[in-house]
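Trainee: Sequence:
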Amino acid sequence: MQMQPDKRRIPRLKKATSPTNQTEQLEQLERRQLHITGIVQGVGFRPFVYRWASELKLTGTVLNNANGVMIELQGPTANLDNFVRELTTNPPPLARIYQMTQSPLAVKLEETSFNIIQSDSQSDDQSDESGEHHLAALVAVSADKSTCQDCLSDMHNPQDRHFGYAFTNCTNCGPRYTIINALPYDRHHTAMADFAMCPDCAKAYQDPLNRRYHAQPVSCPKCGPQLSLKSPQGELLAPNSLSALQDNSLAVLSAAAEKLAQGQILAIKGLGGFHLMCDATNTLAVNQLRQRKQRKAKPLAVMMPSIEVAKRYVTGTQAEWQTLSSQERPIVLMQALDKHNLSHQIAPNIPKLGIFLPYTPLHHLLLGQFNGPLVATSANVSGEPIITDCDELISQLGHVVDAIVDHNRPILNGCDDSVVQLIQPPNGCAPQVQVLRLARGYAPLSFPLTKPLSHSILAVGAQQKNAIALGFGSNVFLSPHIGDLFSVSAEQYFERTLATFARLYHFSLELIIHDKHPDYAPSRWAETQQQQRLDTQSQDTHPIRTLSVQHHHAHVLSVMAINQYQDPVLGFSFDGTGLGDDGSLWGGEVLLTTLNGAERLTHFEAIPLLGGEQAIKQPVRLLLALLFQQMSLEEVQALKLPILTTLSPITLSNLHRIWQNGHGINSSSVGRLFDALACALGFIDTTQFEGQAGMLIEAAARRADAKQLPTLMLDLPLEISDISSDSSMHEPYIWRSSQHFKQIITLITEAPLTRDRQVQIARAFLHSVGDAVCGFAARYPTLPVVLCGGVFQNQYLLEYCLSKLHQQGNTVLANKHIPVNDGGIALGQLWYGIHQNVSNNQ
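Note that UniProt numbering has the sequence shown beginning at 1, numbered continuously upward.
FYI, nobody ran anything at the bench for these hints, they're computed from the structure. Fair warning: there could be bad hints in the mix.
[To be verified] FRET-style restraints, in silico, Cβ to Cβ:
hint : residue 1 : residue 2 : range
1    : 706       : 96        : 20 to 26 Å
2    : 720       : 686       : 34 to 40 Å
3    : 503       : 101       : 25 to 31 Å
4    : 193       : 294       : 35 to 41 Å
5    : 193       : 392       : 19 to 25 Å
6    : 808       : 381       : 43 to 49 Å
Built from N, CA and C at the ideal position, the CB exists for glycine as well.
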């Protein structure tokens, strides 16, 4: 916000000056204070300010504190205006300004220079009547950024002191979130606190004209972190003596590259955790990794040495190549070439590859030594958080690896790799980055609110793909991906992430928003916090209040939040599982959504999960539940479906009996329909990882398009629902999934199920779901449409829907960088909490 300056006079003089000269000087000078919030620390903001102020011959100071950046500027009004204009329109590359306020100050005639002054750990706190303190405005912690070109040049220059050094960085790149312990972002608040700078690094660190000025992780081989090569038991395998420091990084990585070339599996400590790595062209090594890690089929990410090498394996659009090489360096899902020499075990039966480029000096040096693609998958036990500590790695994955590349810079905050894909909207619009996992490079994600909040809010997210969101002051923060909360260690990681944000922002819990499912770990945690505050409450503290919001309502709200949208929308929330308002499992919902609630306009037919969780692992049970809705047991037994031959007559009869008795949990999930179709088409007999069916069906549909096969027609009938008298929701319509699948089975059995017919049916299924979505949206032409939930990770389905919605004139709210899956739930919960009028006595 800009304001007209108030030029103030100073009554006293530093030295005797004639009244006329003094008045002239005062009239020529103006002094302002600028308070700036956003991502403005650790991104070269102060040296940028220093250089630009010096260029414009302004005097004053710049200071970091926990509230952001404080600048005092003095000089001619025109120069001050030029400074503000340049700062707001062309800030440093990694900076993001959320708010700038200007205030007039008294002129200081004695001031002759511009100075950067030491960071202030204190903040201008505001106290409420209870005595609790809340920061008026805050600095946002930057996400970690990939190595810049200048640092790469230093690393490859034999004359530079950073030559071959695996921890080279500057203000424009390197670690941020993963090494920070407290704000302001200064070295003693980071994982570099115990590394004393050598004279050369100290000189660069203290020179405002050097790009390493106040780059907190700045170091070199003489004074910084070091690599070591260890056995799976933690024994040192490579020399790491002080006399060999200059060559240590290259020596360790050369030895590591040799082991990788021999087919060994290595754990490599990176920026936010360890990777498990092996030669991506060596099928024996890839199979060994799968067997040891017990990861049978889920695709593995591949790190490519360069874009030039990547083009030997995948094809992509200009937008995909740009995203791949962006400073965020995410894993990008791209179309694999038909012929390449990567192991086919990297992504079995899936014609896409998740590839990414080196993003740290360590990775650049390692890939340079190896000179080929490497599998690089997160080092974790299945379903557990990424491992950040060598001792933990040895304890949990020592049996998986043949060697470990470790280093002695602690990872304070774990952070996995981001995963994205590019969505091509209709009508020639620019491709959109769809985030599937929000983590390194993108997170923590933050944005300012248009109005400040009256109380602090924590949203604890979903059970799967968990992330947390915080709102306080005028700020919203979404954490990096935490993961699935099905184990003690995963819940501990969740609590550590909470503690990190509480420590960084002095966050005091007042309102917690959680999912309606009472048994989800975040819901249990929220209720426990509320009870603990009640048990220990004193007059000096507020009670913690909790609110719950339904899972699919939160999905839609997350998209509204990132667009800061407050009016009603038509939300299509399709995913695998979420507890519905009627006690069943939802996942195929159309919701007329407002900030306060959601009316269920229509949904997919609820089918019983025969055997509960077993039905998710064995999708033939889902298929049978759909068929039993339309056929007798005898008719089902007579079907010539290969998958049914895997069941004995007794098993088939027992499953029919379970269906007749209504003992299965009902689910309206679209994700379960994908599982049933993949099973019916013979793509899978058991589900080996989440989303497997969707990936295989999408791949099949693309093959049908590529071969220009004739289109098969399927109808997803929309009928009046049979509503029980005790239903609390208005449900006038329902999509009859069982009738839909009866059509599909007819297509499968009326002609030989050739490969071409398989892919035609898969495409017809996606078209029918898309047609159902767009047909229903046409009933509400004035409402913006939201497409959310994990099902819309299906690139083919999403692009089909976007194209048809555009043709019929519907407006669609974009997901932007909010994960379409459960990773966005926390932001939706937060948006709900922000707009609830919650009193302190509730």
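Trainee: Determine for every hint whether it applies to the structure shown.
Mentor: So, going through the hints one by one against the coordinates:
1. Between residue 706 and residue 96 the CB atoms are about 41 Å apart, so this pair departs from the stated range of 20 to 26 Å.
2. Restraint check, residue 720 to residue 686: a C-beta distance of roughly 36 Å satisfies the suggested window 34 to 40 Å.
3. A hinted range of 25 to 31 Å holds for the C-beta pair residue 503 and residue 101, which are about 26 Å apart.
4. Under the hint 35 to 41 Å, the C-beta atoms of residue 193 and residue 294, about 38 Å apart, fit the expected range.
5. Between residue 193 and residue 392 the C-beta distance comes to about 22 Å, which sits within the given range of 19 to 25 Å.
6. In this structure, residue 808 and residue 381 meet the distance hint of 43 to 49 Å, their C-beta atoms being roughly 47 Å apart.
Violation of the numbered hints given earlier is confined to hint 1; every other hint is satisfied by the structure.
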